[in-house]
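Asks: Put the two chains together into one complex; each comes in its own frame, and the hints tell you how they fit.
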Amino acid sequence: MTFQPTTADEASAPRRTVLPILEARSLTKQYRMPGEIVEAVRGVSLSVMPGEFVALMGPSGSGKSTLLQLLGGLDQPSSGEVLLEGEPIGRLSDSDATRLRRERTGFVFQSFNLVPLMNVVENVALPFTIAGQDPRSHELAGRVREAIALVDLTGKERHRPDQLSAGEQQRVAVARAIVTRPALLFADEPTGNLDFRTGLDILDALWRTCMERGQTIVLVTHDAKAAAYADRVFVVGDGQIQDEIVLGRRTDHAAAPLIARLALLGL
Amino acid sequence: MRGLVRYAWRALAARRARTLLTVIGISLGVGVLVAALGVDAGLDASIDRTVASMVGRADLRVTAFEETGLSAGTLEQLAAVPGVALTAPAIERKTFLASQAGRPVETAPVTVLGIDPSAEPRVRDLSLARGVALAPADGASALVTETLAATDGLELGDNLQILGMGAPLTVKITGVLRGDGPELGSGGRTVVLPIRTAQLLSVADGDTAPAQVGGVTRVDVVLAAGAPVDQVAASIGQALTLQPYVLSRPQDIASSLRASTLDIRSTMALLAAITLFAAAILILNTMAMTVVERIRELGLLRAAGAQRSQIVRVVVTQALVLGVAGSGVGIVVGTLLAYLAAAWLRASGQLAIEGPVIGPFAVLAGIGSGVGITLVAAVEPARRAAAVSPVAVLRVRSDTARLVRAHTGWLVVVVAVIGTAAVLLLPGGATDLAIPVRAVGVYVLLLVAVLLTPVLLAPLARLAGLPFAALLRLEERLARAAIRRDPGRTTLTVGALVIGLAMVVALASVAGSARVSATAWLADVVPGDEVLTAIAPAPVGPGGIDTQLSSIDGVALATPIASFDLAYAGTRLEAVAIRGADFLADGRLNFTAGDRTAALNALDGTGAIVLPAPRAARLGVGVGDTMAVATSQGLVNLKVVGLVARSFPGRTGDAVLVGWGDATSKFGVLGADAFAVRYAPGRQADAQPQVDALARQMALTASPVSAVAGAVGDALDRLFGLLDLLALAAVVIAALGIVNTLSMDTLERVREIGMLRAAGMSRIQVWRSVLVEAGILGAIGGLVGSVTGVLVGVLLSGGGGAAGPMSVVPWPTVALAIVLGVALAMLAAAQPARMAGRVPIPMAVRGE
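Protein sequence lines, in the order shown, are assigned to chains E and V.
If you're matching positions, the first sequence starts at 3 in this note's numbering and goes up one per residue.
If you're matching positions, the second sequence starts at 109 in this note's numbering and goes up one per residue.
So here's chain V without its partners, still in its complex pose (with noise of 0.2 angstroms):
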């Protein structure tokens, strides 16, 4: 036995680029799933650190559902409820910090968040750099975070000058806390203000100070001990009857957060999966590759007495130190390529990760993927090598259709033993029924396109040589001869290329349906060239921003709007308060249902309400129908009296229209979130410096609709970069599949070089042959990459990710794909073909 393993090493030894070669492509299999493992757990400490850090010993938090915040008297409700220890109130808002004399002048906004100086500590603690905590719950103290200092040239003892409704708000610095403080998503520019300071902010001039708190962001609840957190919490919902609220724990914090990140995660994973089912193939293929070349050998040691056990342990042990070796090397990539795409996904501002986690899990996930897909890989060609026949040693070349079908066939089972981890393995799999079977669908896909490949490689083959027979005709019909020789060696070889390329082609395809969706809705229901947005609910009407813009001369339209939250059915509805006759003369929002100028004026009456269309087959409403909707005043009526194919877009899909009267009076809305601007026809130019100078004034934000455009295609740009990365990986792997079969059709068509060397080919000639072949291989995987790519891509966006179900075929993405494709064979097969060309004459000719 010990002399079969030392020729089994043997055997790997003597293809040393082969072995390496496999080894990268194992490795960089194992290595995109200890990434896509190291993000996903680097994400789940991270939230699990931001909710913990969010509502610290907290076991109940109650949001305020309308923008004017919870009362007062719902504060006591709350703390009356038997069960609760402590409630520890919070106002959030953002604001901007007065320019003062002797500091530069920041134009970023801060956010404010004032808490109960004597509850607070009790909740959570506020870590301090430096300083002291707040003192008294009217003091006029502030903590500001180490970044807010560091970036504004802030020191303790400071005065900060904070704008509000009425006269800015002077307070003193008395600490710092350490790095971003404990508000998410504020980029760290926070001041913590006592909860009674921060009310004032809310006070404009003349108006005097409400002597309770009130206006409450949220309520943070600890519960006495013992208390059961679901009965307390059925208390809640039975005590708090005057304002409507959102109720929640620590763990509902923290799957919200989760099923923010659930999309790319599952994306990652799914890729993992993909870049593995694309390293099963280089291996399956090296492995069966090993055994044709050493056909003979193996029968040879069968005639010398090998038992069949004993060739397919020479053939498992050298899967073994192959997978062995891979998933090391794997782990390696992993990590590094984990810290890489925790680090993209950080600059890009679309997830907070504070770095990968590569634990333990994520290690025995890649020695096991990389171990364990390498043996199960290897089992076809172990099996071929334990039934060569003694007497068969002779018979080099098998029956190609029988191969490819055993090719093929196994393929079939290994994908089938990736698929289902993968499928263990997804996150949110056990939650959302959804995104295994897309990602059984995209295998599926993948997999029929592999399969295919042989089916179609003669016409498929003619077709990408073409190209190569106008300008190298006798190199095209030598290529293309060469890449029949053994078709389920070219399946295996042309398959990786297809799936990395395939994945290439839906991400650019998912991007290109998310980048529509995500902005086609500006131009079909922004009514404006130019959105200005406020960080505090802006004044509207008479003395209005609205009113001040529209007088502009020059802008033909300036209308408020105002997103907010709906209680409809137990569930939260996203809305957005508008003005219908600004619609109505603007031409925006296209009604599926329902007469558009009856519905827009009805808007700007009461008790109308207007859905998205896939919103109101979702909720099961129609025109005509009536929507119950909770308020504080109690339950209010809409009628549904239009349906519009695309609506502002929300968290949870497009928002519902409401009135803006409406909005005001019954739901709690103070004034505009933005104000759209349309300039009249040809006095942009004039106009637009006037409207900029007037938002600068009233701390807006002036953005061009097509900058929003451009800003919302960059982000997707960058992390779909990320995804791309991912998939290139297996692209990566298929190059090196080429490098090995290419290298490997030189070694059996050494004779034939030899031969057409002696009838007066030149080396460039033979070097020439062996690169149109690579680019035929190459073609061949861009073509049906570029078609698999984009059916995926429908499959990926219509399966109910962030993208929707419109999908766009990225058509200079499949032009790249297939360029790629070719380029990338021709520079794998750069060394081969080198090989090739200084096949020498003598030895190739040389008899038996």
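Isolated chain E, as found in the complex (with noise of 0.2 angstroms):
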């Protein structure tokens, strides 16, 4: 059973009547430095059900990058516990980390990274051509020409990305972050680098997944913008989370709502 999406006037959370896909528990992560240990996140736990839309909101240094780390598994907590779909990924070994990325997650980061040799079908298929698959097959050629169509970037297949916009190099992230069609998709800050405008069109991406494949996303922003596209926002700070807003789904994205409550509690 998957989440249902509710109307843009209910601002109810999700039913929890099933299992959550993303589950924290007393998560900790610590680092040593010269003469002092830094405790970046501090027993976090939290759950996120299936095509939920949830953020992690904080400021600068409020750890709530490498809390998304911790929760995708590219790094590894000091203590507590993630469960992706039931299963810990906290302690993996490095190649099963590795096949936990190639399967079941995906990321989008604030550098677009593209390969700059490779076109627009070849960038979004790369996940495919890293686990060995041909990308040229029916089905993975399909897959990729869906995802290009859901970020809005068909007719620009062949494009190189030194021929495309900093918005459209971005969307072809999103797109080969979604292609493998992942149990969660991980953004950090996926607007960090570009315009109001620009911006705007990648997260109407990311809601489009959302609305229209059921995708689970964790999304990682110190904009309330960006976090107003989410259905739950998760307000990270010293290491915790400070708050949890529930937002319900709406299809205005306004961030009054957001707002309002972030300065109820201060923020």
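Treat the hints as calculated values from the structure; they're not laboratory data.
We put the CB at the ideal spot given by N, CA and C, even for glycine.
Among the clues, some could well be false.
[Unchecked claim] Just so you have them, the derived chain E footprint on chain V, three or more residues with Cβ under 8 angstroms:
#, stretch
1, 579 to 586
2, 853 to 865
3, 868 to 881
Replies: Structural data, given as structure tokens:
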């Protein structure tokens, strides 16, 4: 059973009758620095339901990106546990973690990091190529086309990165992240390098994957306008979840309700 | 200012590995230069010592032109020349010591040197280890060298039996000379006798010993105090009318010896300059990388008020530190390399060198070139650093096409500086214009190859990537993308490899040409399967060795060969005496002009000569022309009856061919130096043991033609092995450049690698992609280097070197160069690849 989107008027949380797709239990992350131990994440527990769009929001240095890396299996926690579809991923070997990233998660970062020599199709199909699959096969080629269409880049399949605008490059990065139909899509400040208008295009693209394909998304941002696309917002500060704001699924993505809640919290 | 200098230090310290690799690269370049200069100075010193040992205090030397030596009459004429204070005649010949009871039989020949015991001490000092000097001019006493005494177990007071034309000559050892003694080229096996005693070795049984000293090989002349050398030399020219001779001064002998080492010295110097070229590319690349890497910091410094000149000083300070450190280490490396090279040359028997001389010039040239080239190479990066705009700090990647132009444009300047310095330092450049012209040609070829690399980068990368793509498609694509990320850097990285591998291929090409030139004549010219060589003229004709050899069942042909010199138009012309009928029967000699049969028959008559075509072209003579040749009997006219493509090799080119009759009757040839033996088909196995037995009996050395070719090839291999070693220094520098470049690539691509890892790429895939990148770089270097190397080889071979104009494409070395390029590049990439594979994803994907 997957998460059923609510209407814009329903400001309630998604139904929790199903198991969470992602769960963090008492997660901590410490870094040893000369003369001190820095605790970037301190005892975070949260859960994300299938099909949900969740945002981790906080100021710079709050630990939100570190938290995303722990949730996505890019880094290992100092203590606590991360469960993806009920399976612990916090202590995976490098090869198992690699397989997890290849098959079950997708990432979009602030930097687009496209391969310059590859065109749009090839960049989007990169996860298949990495996995040793032939992206020209009928099924995979269809999935590549579908991902490109979803980010509204149809017609630019043969363009190389240097022939695309920054927003288009980031949309290629989004398509690359969703082409494998991952269980979870992690986006770390995906609009950080973009202007306001282009940033909205990216957020719209992420939103469409969520709406049309039921893609579960965890977005890290410091921007309330970006976080307003989410169903739920975890406010991160000082390595902890300071608050959870449930916005519900809405189509207007107005930031006002979120900003109002944040104001109430003194943020 | 002090703060900026400290910043420069920190910048170097922050990239310790790159700094270290660059210092090693500079030190290798400087090391090869210092080694080349050290060996060059060592050869000069050895030549000077040799000449001093040869001529002592003599001002002039008169050398016999004919085998019969200088006659008593000529000696009298010489002594009577005004201004001549002293003449010291000497007889030199090779022979064997007779075996004696109680001593092992030593089969190596000895050189007998007959001297005038009263005149000789006034010309040169014979340094005695023990015993006493020779006394009377006709005494039965002898001096032997320490080397001969040690190898043959000789002691003071022992009797020596020396083989001559008559009964063995018995002399008593009265003294032992230090070391190898005075004779160069004897291998230390020298016996010094009074001249009249030495003369007895040429007297056959039944003949009476001549009353006066004659048959003299050479006379050293000491002039009266204040007598002008030129004037006395002119007087000698007028006075000596009886025989042809060669008059030389000590500096002529030194020049001649220096000329014989010119090829190896100029090649070593050229390799040194090319290694510096590779080092300069490494430095330019390193400095450029440093600027690119720190462009934001430099922009911030500019924004904080740093002047352009201050930024330049930062970069130049870095270059200075690298240059000084690299040059310092390079002096040490070069000294070690020079001793290795000198030992190699000595062991190979190619050149007489006692050891390298690392003098102030070599040290200053090493430091000057190391620091100078580093600073010159740093100028463009420094200028670019100074041009960084304070507002452009966020623009990490500039216009790559402009960067390529800047890199390659400056490379031309750097190469021009090194090239000019190299041409000025090149040994022999002042006397032989062909040497600097060749060097400049090689430089231009290498430069063109490097400059063409960015133009051809995309298709070459695609071509070189094909084998990798077949196995690792993704890695190959990523590697090609990385290679094309910064064509300027790739050009410099591949450029050093191109230069190193080009020189390896070029040397193989030259070695191949040299081998062909040195051995092709054996099949084309020698009318035999085996050659028997004599240490003294061997008798020919009825009862002679050729007759005895021909009488052996299974021997189809035994023909005598003798080498001698002709005096033609004031120059020495190397000649070989042959029997035309024997060459006609055996089908040797390829005639390019004149009728073969008629020409060879004419040689067996009188007054005919056959010339190698290249020499005929140099002399400006052709078939039908007459050459007037000087002999002791006056001028002899020889008619050119034919031209051959190739003849017996001489010191300065192929020898001219003269009939045996003319050689013995007119040119003083006393006997054969060698006999070529042709076996009847299928009879070699039966006949060869008898031929070899006769050779042993007659003190001849038997060598199958194939063994001669093999020995020539081995000698060339040893010589070129040393040059290959020096060329490999450039390849090692290129490998250091690859490490630097791939490390920088990894640092620059850290986000991309992080993204790929986040997208499911494994460590091993990342590792492989960097290795494939290196492999493609290596393959491009190998491909371009091979093509360039073949062209350089053609230029070096055809430029008048020892190899001659013919060049061959060394396919095995071409294949080896490509494999070496790929393997070395991938080996160099091991650490950067490991580094790339270990890129922590969280760090890599961290936002700005």
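Asks: All the hints need checking, so say for each whether the structure fits it.
Replies: For each hint, the structure was consulted:
With a cut-off of 8 angstroms between beta carbons, the stretch 579 to 586 of chain V has 4 residues touching chain E; three or more are needed, and the interface restraint holds. Counting residues of the stretch 853 to 865 of chain V whose beta carbon lies closer than 8 angstroms to any beta carbon of chain E gives 6, which meets the minimum of three for the stated coverage. Closer than 8 angstroms: that is the beta-carbon criterion, and the stretch 868 to 881 of chain V has 5 residues meeting it against chain E, so the requirement of 3 holds.
Going through the hint list in order, the structure satisfies each hint without exception.
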